[in-house]
Amino acid sequence: MSILVDKSTKLLVQGITGREGLFHTARMIEHGTSVVAGVTPQKGGEWVMGGKVPVFDTVKSAVEATGSNTSVIFVPSRFSADAILEAADAGISLIVCITEGIPVQDMMKVRRYLDQVGVRLVGPNCPGLLSPGTAKVGIIPGDIAIAGNIGVVSRSGTLTYEVLHALKQNEMGVSTCVGIGGDPINGTSFVDTLELFEADPHTEKIVLIGEIGGTDEELAAEYIRDHMTKQVVAFIAGKTAPPGKRMGHAGAIVEGGEGTAEDKIKALSAAGVMTADHPEEIPGLLQ
Amino acid sequence: MKLHEYQSKQLFAEHGIPIPHGQMTMNASEAKSIAEELGGRVVVKSQVLVGGRGKAGGIRVVNTAEEAEEAATQILGMKIKDLPVRKVLIDEAVDIKTEIYLGITNDRTRRCPVMIASAEGGVEIEEVAKTHPDKIVRVWIDPLLGLRDYQARYLAACTEMPRENWREFMSITKGLYQTFMQTDATLAEINPLVITGEKGLMALDGKMVLDDNGLFRHPELAEMRDLDEEAAEEREARKYGLSYVKLGGEIGCMVNGAGLAMATMDVIHHYGGSPANFLDIGGGASAEKVAAAIQIIIRDPNVKAVLFNIFGGITRGDEVARGILAALEKTPTKLPMVVRLVGTNAEEGRHLLAKADMETAVSLADAAQKAIAAAKVVEES
Chain L
1 MSILVDKSTK LLVQGITGRE GLFHTARMIE HGTSVVAGVT PQKGGEWVMG
51 GKVPVFDTVK SAVEATGSNT SVIFVPSRFS ADAILEAADA GISLIVCITE
101 GIPVQDMMKV RRYLDQVGVR LVGPNCPGLL SPGTAKVGII PGDIAIAGNI
151 GVVSRSGTLT YEVLHALKQN EMGVSTCVGI GGDPINGTSF VDTLELFEAD
201 PHTEKIVLIG EIGGTDEELA AEYIRDHMTK QVVAFIAGKT APPGKRMGHA
251 GAIVEGGEGT AEDKIKALSA AGVMTADHPE EIPGLLQ
Chain E
288 MKLHEYQSKQ LFAEHGIPIP HGQMTMNASE AKSIAEELGG RVVVKSQVLV
338 GGRGKAGGIR VVNTAEEAEE AATQILGMKI KDLPVRKVLI DEAVDIKTEI
388 YLGITNDRTR RCPVMIASAE GGVEIEEVAK THPDKIVRVW IDPLLGLRDY
438 QARYLAACTE MPRENWREFM SITKGLYQTF MQTDATLAEI NPLVITGEKG
488 LMALDGKMVL DDNGLFRHPE LAEMRDLDEE AAEEREARKY GLSYVKLGGE
538 IGCMVNGAGL AMATMDVIHH YGGSPANFLD IGGGASAEKV AAAIQIIIRD
588 PNVKAVLFNI FGGITRGDEV ARGILAALEK TPTKLPMVVR LVGTNAEEGR
638 HLLAKADMET AVSLADAAQK AIAAAKVVEE S
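Sequence order for the protein chains is L and E. Every letter in the first sequence is one number past the one before it in the numbering used here, and letter 139, counting from 1, is 139. Every letter in the second sequence is one number past the one before it in the numbering used here, and letter 37, counting from 1, is 324.
Keep in mind that the hints were calculated from the coordinates and are not lab data. Hints should not be assumed to be uniformly reliable.
For lysine-lysine, the following DSS-like pairs were computed, each having C-alpha atoms within a straight-line distance of at most 27 Å [said to hold, decoys possible]:
1. E/K422 with E/K461
2. E/K486 with E/K526
3. L/K245 with E/K617
4. E/K342 with E/K289
5. L/K245 with E/K342
6. E/K342 with L/K109
7. E/K576 with E/K289
8. L/K7 with L/K245
9. E/K576 with L/K245
10. E/K366 with L/K245
11. E/K526 with L/K245
Hey, can you work out the whole structure from these sequences and the hints?
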């Protein structure tokens, strides 16, 4: 009933002994996620979560001991690029980076390297992934969505929660919610996620939540027009954002006339995507 | 973080890019002595972090030190696009034969730096992109390989650079790339890069923008931030880790999360209102942070009503409610307030706020409409 994370996910938490790491590890376990290991350099040998989850010094030793296949990163921004590369080199196939504030030049190098070795990254600066009732990797509150057949993909955090909440209130369930993050350079894109949803037999409709900045939504519109058979509805945040100002997310900025909400809505509409004027309209568009 | 021209050129010079002799000053009499040292014929350039300085009269070429003092006096009393000029750069005047554009920035779509050159230097590159797109040439740089010689040569060839200047031009492209990478910049621009009569190539004007997220690696650059050039509220917001942008409408907003904050502004606009600001209190915001956010919002004289939209995840509704109450106790206000709390501990939060005289809303649409209506009442009274 999901993409990217499910019952086969064997999760490793990088930065597990930090405040955020501990808090969200507990929430992920509550949601049924199999958390097999944690990594915090120089804390190898400790156990957390009431003695249930072992902590390792390195990702490599954690993977060797536990067979972990997915990693979620909660380490501070200055150490995050290194944490992503460490996970990739240790054989992790899906890396989810929650951390906000990674320098853009670090991400350019990391992304280039990941493309070469063929490892998937979700984020950074994202809320992670939630397949309601099955598994959660990241910080999306588990109780705001119910299981179902709608795929959700978003560049935002709380705006995504808003949409999940609206869907739940209308008794609409979600297959997987993917937060791809608000940074200018990230891993998995809208197009990558749409491709996965299109191929997933349990996803019937898709909600895309974009925002100003960059051209990822325009590329998604092109992909939808040429390759998607499933219905996609969208909301683009930032219609009222002034040009040249960064709106909280590092990637949410209209520069040189590029990345406006109008352009994105126009491109999506031209591809047959219905766009909502505000997030609470989305359930209505899916009916 | 934007750097001034004089700061940008100083960084260029540190990476081997020739710049004119010159010095920044904040007073006119010093401008005179700098001009004397430089031989009298100088350019007096206002240092403000906006474009269009030339058009506004903020750049003057003068022939004597006395004239330089006079020009500096005038320019230091100017405002350019509402920003008061506090600094001037006194540069030696050079004999310009040709003006070229050379810049580097990040290409988000290709996820790598792109170096851009144009034979049409001295005007804004966005303008050239509109009028003569064929005159702009780009090379994309693999961040793991760096700028290669052949790419620099390609830029030289495409900008009709005289062959005797190629070697020097290539060294400048390398210097610019180094400056960009070693300072975690998101933009480094030489406009114009000039071919002079006697001194070869020279970066006459410079502009840089640094990645705020990279500043931890460059404490010496972080100190270059010109606090005078920032709106007081934005400076205050940054101190508390809040993300704030002033907009000019009448509904003040406080939201957790950037996307939701933008969506809240859009919904206000959709129902016929106008947001006063963008304000993201971030994840897990403490009561102290919330109180700081409210103070910033209600200090804006345009604000007629305040809308709180909090979707609890990591952020807890009761904590936010406590922050709101604490701020209102410290700074009482008659402004009407509309609160929408959903998610983690929202119930407790609503309970706490029931004591205060606040309107509550269930949906975002409902909250926006109530805030707009409340603002209208304030305006009419």
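Cross-check of the supplied hints:
no., hint, result
1, E/K422 with E/K461, "holds, 22 Å"
2, E/K486 with E/K526, "violated, 45 Å"
3, L/K245 with E/K617, "violated, 31 Å"
4, E/K342 with E/K289, "holds, 20 Å"
5, L/K245 with E/K342, "holds, 23 Å"
6, E/K342 with L/K109, "violated, 40 Å"
7, E/K576 with E/K289, "holds, 26 Å"
8, L/K7 with L/K245, "violated, 42 Å"
9, E/K576 with L/K245, "holds, 22 Å"
10, E/K366 with L/K245, "holds, 21 Å"
11, E/K526 with L/K245, "holds, 18 Å"
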